[in-house]
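Chains A and B are the protein sequences, given in the same order. Position in the first sequence counted from 1, then plus 548, gives you the working numbering. Position in the second sequence counted from 1, then plus 528, gives you the working numbering.
Calculated from the structure, these hints are not laboratory results. Ideal Cβ positions, reconstructed from N, Cα and C, are used throughout, including at glycine. Be aware that one or more of the hints could be misleading.
[Stated by the list, open to error] Cβ pair distances, simulated, as ranges:
{"no.": "1", "chain 1": "A", "residue 1": "Arg610", "chain 2": "B", "residue 2": "Arg623", "range": "50 to 58 Å"}
{"no.": "2", "chain 1": "A", "residue 1": "Thr578", "chain 2": "B", "residue 2": "Pro532", "range": "36 to 44 Å"}
{"no.": "3", "chain 1": "A", "residue 1": "Arg581", "chain 2": "B", "residue 2": "Gly556", "range": "54 to 62 Å"}
{"no.": "4", "chain 1": "A", "residue 1": "Val627", "chain 2": "B", "residue 2": "Asp543", "range": "37 to 45 Å"}
{"no.": "5", "chain 1": "A", "residue 1": "Arg610", "chain 2": "B", "residue 2": "Asp531", "range": "18 to 26 Å"}
{"no.": "6", "chain 1": "B", "residue 1": "Gly556", "chain 2": "A", "residue 2": "Val627", "range": "32 to 40 Å"}
{"no.": "7", "chain 1": "A", "residue 1": "Ala611", "chain 2": "B", "residue 2": "Glu622", "range": "27 to 35 Å"}
{"no.": "8", "chain 1": "A", "residue 1": "Thr626", "chain 2": "B", "residue 2": "Val586", "range": "40 to 48 Å"}
{"no.": "9", "chain 1": "B", "residue 1": "Thr579", "chain 2": "A", "residue 2": "Arg581", "range": "46 to 54 Å"}
{"no.": "10", "chain 1": "B", "residue 1": "Pro559", "chain 2": "A", "residue 2": "His609", "range": "49 to 57 Å"}
{"no.": "11", "chain 1": "B", "residue 1": "Thr576", "chain 2": "A", "residue 2": "Glu575", "range": "44 to 52 Å"}
{"no.": "12", "chain 1": "B", "residue 1": "Asp604", "chain 2": "A", "residue 2": "Asp629", "range": "27 to 35 Å"}
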Amino acid sequence: MSQLGSVRVTVIVGVEPAVAFQVFTEEIDTWYRRGLAESFGRKRATGLRFEPWVGGRLLEHRAGGEDGGDGLERARVTVWDPPARLVFVDQRDTEVDVRFEAAAGGTRVVLEHRGLDRLPPGVAADLGRFGWRRLAEWFERHLEGQRT
Amino acid sequence: LADPTRRRVVELLRDEALRASTIAERSGVTPAAMSRHLRVLRRAGIVTVDTPDDDARVRVYRLQPERLVALQGWLDQVHAFWSEQLGSFVDHAERTRRKPET
Numbered sequence: 549m550s551q552l553g554s555v556r557v558t559v560i561v562g563v564e565p566a567v568a569f570q571v572f573t574e575e576i577d578t579w580y581r582r583g584l585a586e587s588f589g590r591k592r593a594t595g596l597r598f599e600p601w602v603g604g605r606l607l608e609h610r611a612g613g614e615d616g617g618d619g620l621e622r623a624r625v626t627v628w629d630p631p632a633r634l635v636f637v638d639q640r641d642t643e644v645d646v647r648f649e650a651a652a653g654g655t656r657v658v659l660e661h662r663g664l665d666r667l668p669p670g671v672a673a674d675l676g677r678f679g680w681r682r683l684a685e686w687f688e689r690h691l692e693g694q695r696t
Numbered sequence: 529l530a531d532p533t534r535r536r537v538v539e540l541l542r543d544e545a546l547r548a549s550t551i552a553e554r555s556g557v558t559p560a561a562m563s564r565h566l567r568v569l570r571r572a573g574i575v576t577v578d579t580p581d582d583d584a585r586v587r588v589y590r591l592q593p594e595r596l597v598a599l600q601g602w603l604d605q606v607h608a609f610w611s612e613q614l615g616s617f618v619d620h621a622e623r624t625r626r627k628p629e630t
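Model the full assembly from the supplied sequences, consistent with the hints where possible.
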């Protein structure tokens, strides 16, 4: 399958893969920064946790019973393979694939977010705010990228 | 858009609408491979197919620049979002755990 709308971010973390996986999943609520995006973990949220199995949910908890007691489903786990890999699919059907590989200095974490070629409605509405000038800049950037 | 062939297509269509066969030829890939790339670009709305006024038998591919810019802008946003989240993840993991002995 061709990946047009995908994004990849790689980091090295100074812990072993098993620890990295554990921190990423069990402790997501302590490191996940809320309010950065609308997809999940909004400001009103009081907690975020994974159900640790295939088919499990990424649940967002909210104060005052707003979450129905159980939490709001933000994504669903499709691969749960500790300590190597975790994949979850959010409610817009975009897929986040996280791999944990042993590397010098600890663990290389490679996160790939796929299925982004369908723009969310808010972004589509912003279309008019971009212009040709920005397009031209982008062309220049990628042309330079090809030369080097 | 990370794919070099698709970037080449975008470049070729920057100035004029072209037929699939011309795009394939100028990119140096087979028509079958090009057809797959064009399908991906069409699905994302980055190119559209239409018929020029002077020849109803021809189908040409046309770049939709606003759509391309919007998609690239969106991908940049998602990239920045995850860079920030993973940065926070690394800080937390390293603050609470001892580094492995290497």
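Using the C-beta atoms of Gly556 of chain B and Val627 of chain A, is the stated range 32 to 40 Å upheld?
-> holds, 37 Å
For Pro559 of chain B and His609 of chain A, compare the CB-CB distance with the range 49 to 57 Å and indicate the outcome.
-> holds, 53 Å
Is 37 to 45 Å a correct range for the gap between the Cβ atoms of Val627 of chain A and Asp543 of chain B?
-> Since the Cβ atoms of Val627 of chain A and Asp543 of chain B sit about 44 Å apart, the hinted range of 37 to 45 Å holds.
C-beta pair Thr578 of chain A, Pro532 of chain B: status relative to the range 36 to 44 Å that was hinted | Between Thr578 of chain A and Pro532 of chain B, where Cβ atoms are some 40 Å apart, the hint holds.
Are Thr576 of chain B and Glu575 of chain A spaced within 44 to 52 Å by their CB atoms?
-> holds, 46 Å
At the C-beta level, are Arg610 of chain A and Arg623 of chain B separated by a distance inside 50 to 58 Å?
-> Violated, since Arg610 of chain A and Arg623 of chain B (Cβ atoms, about 27 Å apart) do not stay within the stated range.
Beta-carbon spacing of Thr579 of chain B to Arg581 of chain A - inside the hinted bounds 46 to 54 Å or not | Holds, at about 49 Å.
Taking the CB of Asp604 of chain B and the CB of Asp629 of chain A, does the distance hold inside 27 to 35 Å?
-> holds, 30 Å
Supplied distance hint 40 to 48 Å, evaluated on CB atoms of Thr626 of chain A and Val586 of chain B | At 44 Å between Cβs, range holds.
Please test the hint of 18 to 26 Å on the beta carbon pair from Arg610 of chain A and Asp531 of chain B.
-> violated, 40 Å
Range hint 54 to 62 Å: satisfied by the CB atoms of Arg581 of chain A and Gly556 of chain B?
-> violated, 45 Å
For the range 27 to 35 Å, tell me whether the beta carbons of Ala611 of chain A and Glu622 of chain B fit it or not.
-> Cβ of Ala611 of chain A to Cβ of Glu622 of chain B: about 30 Å, so the range 27 to 35 Å holds.
Of the hints listed earlier, those the structure fails to meet are numbers 1, 3, 5, in rising order.
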